[in-house]
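**Student:** From first to last, the protein sequence lines stand for chains G and Z. Each position in the first sequence, counted from 1, maps to that position plus 178 in our numbering. Each position in the second sequence, counted from 1, maps to that position plus 223 in our numbering.
A couple of the hints might just be wrong.
Covered stretches of chain G, as calculated for chain Z (at least 3 residues, CB under 8 Å) [said to hold, decoys possible]:
1) 187-197
2) 249-258
3) 262-272
Calculated directly from the structure, the hints in this document are not laboratory data. Computed from a prediction, not measured in an experiment: that's the story for all the values here. For glycine and all other residues, C-beta sits at the position ideal for the given N, C-alpha and C.
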Amino acid sequence: MDYALEVENLSVKYDNNYALKNITMSIKEGDYLGIIGPNGGGKTTLLKAILNLIDHNCTKINFFGKNFSETQQLISYVPQISKVDRTYPISVIEVVLGSKLKKSLNPFYRYTKQDRENALESLNMVGIKHLASRQIQKLSGGEFQRLLIARAIAVSPKLLLLDEPTANVDPASRNIIYDLLDKLNNEGVTIIMVSHDTMAISSKVKNIACISEDLIYHGGPQLSQNVIDKMYGCPIDLLAHGVPHRVLPQHKH
Amino acid sequence: MLNIILNYHFIQNAIIASILSSIVCGIIGTIIIEKKLILMGGGIAHTAYGGVGLSYLLNINPLIGAMGFSLIAALGIGKVRKTNIKHSDVIIALFWSLGMALGILFISFMDGYPPDMNSYLFGNILSVSNFDLIAMGVLTFIVLAILSIFFEDWKIYLFDEEMAKVNGLNTTFLEYTLLILIALSVVILIRVSGIIMLIALLCAPSATAALVSEKLNSRMGISILIGLFNSLFGLLLSYTLDIASGASIVILSVIVYALVYLFKKKTSIKNGK
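Make a model of the complete structure from these sequences and hints.
**Tutor:** As structure tokens, this is what we get:
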């Protein structure tokens, strides 16, 4: 089987501290990987380094066996909602249409009818087609998150990276998002999702990785107490399906 | 009034200069507000003073020196901002005062009486020369052309730079071009409002427009109209009340912003928002 993403010896330094150290991982095509880890553990940094958005060192980052610039059209990204300017004067459909700008510069570009139909189709997939002409300032958190996902899938990616796609999202939106990700994964899209939504991680994804400076565990979605201890640096309860996230009960130091 | 406009060449120049500066302020002002680059604009403007001083020393048109210094400041600040965002306000502050210091230094090197720098510090739209006007016209055309040619690219770049990069847009080109456009805008505005008050002219009309419009294109358009009103009406006030034109335009710009802000606040309270 081919790999959608191969990362070898990836390190990221902020000033003199390692945010990530010698991360090596391989993600098979068609995988649905959940990445968890403590706050500040480098989850977002990992995605950004993979996407070449921040300075990093590595011996290899390959997508579908090729480098980033050759496969850029196959990759898409959903950034953390809090990092996107929600007051910017732009309409919902314009945000999605933006992903249709294919070239590095698009002089005198006018969106085609096809572009618009595709964009509306993406909005429809996340259930906000009716909001197409609305300005983004007027969207709720859940609607805005779904918009970011619509924008990402509008390019028909083969690999989709998501950073906390269900943080601060209403339950209805969350269900829509997970159902859509399931559907995309069934259609062959490889998904890598960073999340602290552990309920979803264990019930939705195929594989799980834990990250805290270095990647510790990578495998099936059943975590052992040992891994969790190592990850978070102190014992916490393992999380069960349907049980709200309890952090650091019976914490002894 | 029409008589005055028709009879006095300097009034005609002032009106054309107002129109050009309003266009530039409307467009670039909207962008720097969205990109939170207002302070940087101030830094670039003040650095330009060094260029004005050097131009006097070399006996060339001060706008040429101002342009050189603005471009260096824009690209220098931009470069530091890219590598270390934490230090960007330090660098802006240093450029800001270094530019002013160099201006003073260059002027002090000149023989005889120092020239009157007031029109560059505080602006004097009534003394805009034909050369200034041509320079302003060419720069305004460049700013307009570059923005409209790549309008869709700009719209997405300004909204979400990272996503634009992931999607394959040439964000490095857009970033540095934007810095250059800000530098050119500063040069266009120096004659109108002067270095010290330039930043108000650059952002007040756009900030006012942002209060009333939610769309990027219309925000730019409304901002141009507000800028035009501010500068023409400010010019009229300056003429009739015999006060400095730069000051009257800037004061009017701030008053208009404050009125729209208060009006909006009042109506949104009424609407229960």
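**Student:** Quick check: which numbered hints come out false for this structure?
**Tutor:** Per hint list: single violation, 1.
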